[in-house]
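Fit chain P to the known structure of chain U by using the hints.
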Amino acid sequence: MAATALFWVFSAVVLLCGLLVVTRRNPFESALALVVAFFFLAADFVLLDAPFVALVQVLVYAGAVMVLFIFVIMLLNLRGEEPRLLRRVTPRVLTGSVVAVLLGCAALSVAFLQGAPSSPPPSLPAGFGEVETVGLALLGGRWMVALEAVSVLLTAALAGAVVLAKKEV
Amino acid sequence: MKVEISLHAVLALSAALFTIGVAGVLVRRNLLVVFMSVELMLNGVNVAFVGFARQWADVGGHLAALLTMAVAASEVAVGLALVILLFRNRGSSDLDDLTLLRG
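Sequence order for the protein chains is U and P.
Numbering follows our numbering, with no gaps: position 106 of the first sequence is 106.
Numbering follows our numbering, with no gaps: position 64 of the second sequence is 64.
Lysine to any residue pairs mimicking SDA-like chemistry, simulated, CA-CA at most 20 Å apart:
{"hint": "1", "chain 1": "U", "residue 1": "Lys166", "chain 2": "P", "residue 2": "Leu82"}
{"hint": "2", "chain 1": "U", "residue 1": "Lys166", "chain 2": "U", "residue 2": "Phe71"}
{"hint": "3", "chain 1": "U", "residue 1": "Lys167", "chain 2": "P", "residue 2": "Ile84"}
{"hint": "4", "chain 1": "U", "residue 1": "Lys166", "chain 2": "U", "residue 2": "Val67"}
{"hint": "5", "chain 1": "U", "residue 1": "Lys166", "chain 2": "P", "residue 2": "Leu86"}
{"hint": "6", "chain 1": "U", "residue 1": "Lys167", "chain 2": "P", "residue 2": "Leu85"}
{"hint": "7", "chain 1": "U", "residue 1": "Lys167", "chain 2": "U", "residue 2": "Leu75"}
{"hint": "8", "chain 1": "U", "residue 1": "Lys167", "chain 2": "P", "residue 2": "Ala81"}
{"hint": "9", "chain 1": "U", "residue 1": "Lys166", "chain 2": "P", "residue 2": "Ala81"}
{"hint": "10", "chain 1": "U", "residue 1": "Lys166", "chain 2": "U", "residue 2": "Leu76"}
Treat the hints as calculated values from the structure; they're not laboratory data.
Chain U extracted, bound-state conformation (with noise of 0.2 Å):
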């Protein structure tokens, strides 16, 4: 039972900083609560035997992301915005929160109601999840043309970047 008490632990942070990033005021402190919940995101990754994605998940979003978040923050040079914000409860945040609760409410009943399994696998083969196995699976096979489109956005994304960014055309 460690692993799901460990799991429970690394959720609730997460979910705490979750709700920190929606409810700072300030967008650098909402990156910050970002980061940390990245990380436990990541330990949770490892919990669910996905060591490789919770590596990238370190490295990409807890890295790469968290930076550019946090240097367009300093960039733009943003302080605490939305004053009249969270102060009381305004009509936005009312119907906006109700909508997200009711949307939250119908994902887990979709799982809980239409029969996805309670019991954990019995077991994982060896390997399961680790570099090789999916650098293997995402080489062969029918996961190759995603490989490809995605390399190709992700050299469309860095050039358009560069073009909007840019202060001159």
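Relative to chain U, chain P alone:
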């Protein structure tokens, strides 16, 4: 390899994370925080992918999660470039100020 954590726990975490992300997108007006909330939603989906991959011992879920991360990274790159552009032209990153297309 012994497996302990049940799929229901994983799906609960996934749904909760997605819900927090949706709430952030709907409630917040700061463009950067909206982007961060979108990242939270994508991470919630990734959790579900990894959980299902483990349940059926199929690495395909891991691959889907990895491809999602790549798409999210490119989305952030282009999105933040757009934020810089908007801030430069209009001096604000508040979504309520972007009413150029309102009739």
